[in-house]
Amino acid sequence: MTRIDLSTPLSHEVLMLRAGDHVTLSGTVYTARDEAHLRMREEGIPFDPHGAAIYHCGPVIHEGKIIAAGPTTSARMNALSGFLLEQGVRALIGKGGMSRQVADQMKGRAVYLAFTGGCAALAASRMTLRRVFFEDLGMAEAVYEIDLDHLPLVVGIDAAGNDLFEGVNRNAQARFKKRFSLSREAVP
Amino acid sequence: MIPSPDDALCAALTRATCRALEQAEIFLPPDVVRALEAARDRETSGIARGEIENILSNIRMAESLRVPICQDTGVPVIYLTLPPGIPLSGTLLDAVAEGVRLATRTIPLRPNVVDPLTRKNTGDNTGPGMPAVHVRHGERLTVTALPKGAGAENMSRVAMMLPTDTGNVARFVAETMLIAGGKPCPPVVLGVGIGGTFDGAAAAAKEALLDPIDTMTEYERGLLDAVNDLCIGPMGLGGKTTALAVKVKGAGCHTASLPVAVNVQCWACRRATVEVEW
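Protein chains in written order, with the numbering used here: chain G, 1 to 188; chain D, 1001 to 1278.
Treat the hints as calculated values from the structure; they're not laboratory data.
For every residue, glycine included, the Cβ atom is placed at its ideal position computed from N, Cα and C.
Check the hints yourself; a few may be wrong.
[As the list claims (entries may be wrong)] Partial chain G-side listing against chain D, Cβ under 10 Å, derived:
#1 P71
#2 F115
#3 G161
[Unchecked claim] Covered stretches of chain D, going by a simulated chain G footprint (3 or more residues, C-beta under 8 Å):
#4 1062-1074
#5 1222-1230
[Stated by the list, open to error] Residues of chain G clear of chain D, computed beta-carbon distances all greater than 12 Å:
#6 D5
#7 S26
#8 G27
#9 R39
#10 R41
#11 E86
#12 K107
Starting from the given sequences, assemble the full structure and let the hints guide the process.
So, in structure tokens, the structure goes:
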């Protein structure tokens, strides 16, 4: 399995990635969940968004150290990501994929990178905490600036709009219809 | 003042609750690890194998660093078994809650419990109705922790099916994963409650998640086959393993009812039981 090594700030190299590619990411990432997106949209982004990578994650921090930092469900940020991409963010990292609208917003600009859900210890072992913004939002919702060392990721949505999750879902729909074509709706 | 036996019992229960949570948060049960290893060996796509490899190395990492497997350390679901001679009391439930607070500070756990409407975080993973404590009777005093993360819990469903529709349970179970896709961190374990009442089916579905997953009945295998046929795969990226296992718990129900509940559990099927010694 070949892996493409990426590091921040990200630039045009993300446009060359294809859905399904294995990559590693090093450099700086910023965690952001629901509340942080709302705050950044209202008050501005507290870091340079150019070439930045956003990680959908609410970590466990203890005495200034990252204890656990797996990805959260990215779909919750579907309606909240446009302004980040418009201001130069090149990668969104999380789990479960994002909507067609986000895939369209990323076209020619950015990629969605999937990190294995629940792999909090693995993630934390590749991370060093730098600083925190919006600490008043609480541990899970604050924005953390984190140094990353070769986090293993899969390109879930590429900058041409190809979406691995969408393909899998379409296939699952078709298989479900075929298997249960003769049965009525389970919930009338 | 000399502490009464009750104080000693409560202190022991607090410690045991904390230990059960610690065990559950850091070490995945061996049957679950074996199921993940078997799934990795079965997968043929590089992406699916890669996802399970990450999961397995994460499990090893959590174990060696003594840190929680997942940052969503869940909400505390506790099963308490009381032997004859130990009556259920508010004091016992307080001791369990104290164990949750202790675990939150010492492991540490992410404070996840909030008021449902104001969304204000209590800061210690307790609150009205939290921990969720289920009491059973048994031979020994034991406490079982089942920390439940939100990603998978949010994809769970209950249906009041038609009593003539017993053949359609597989459809409802598969449909639950069809809707869920990659969101609940597959490969999942599905707890399925069939029968009882509206709430009873949901409680049975959650209790089914306490059972070891290395054995399944033929009925459970049939449900598993229907789910895995969707090919949603690890993390929704495609593959053969959408679920590691399906576990069913049944209960008698009204002749005019067929309640069915599916409690979705991510691959981090965390559970641990500790016997209280005092």
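Going through the hints against the structure:
{"no.": "1", "hint": "P71", "in the structure": "holds (9 Å)"}
{"no.": "2", "hint": "F115", "in the structure": "holds (8 Å)"}
{"no.": "3", "hint": "G161", "in the structure": "violated (17 Å)"}
{"no.": "4", "hint": "1062-1074", "in the structure": "holds (count 9)"}
{"no.": "5", "hint": "1222-1230", "in the structure": "holds (count 3)"}
{"no.": "6", "hint": "D5", "in the structure": "holds (16 Å)"}
{"no.": "7", "hint": "S26", "in the structure": "holds (17 Å)"}
{"no.": "8", "hint": "G27", "in the structure": "holds (20 Å)"}
{"no.": "9", "hint": "R39", "in the structure": "holds (15 Å)"}
{"no.": "10", "hint": "R41", "in the structure": "holds (18 Å)"}
{"no.": "11", "hint": "E86", "in the structure": "holds (26 Å)"}
{"no.": "12", "hint": "K107", "in the structure": "holds (21 Å)"}
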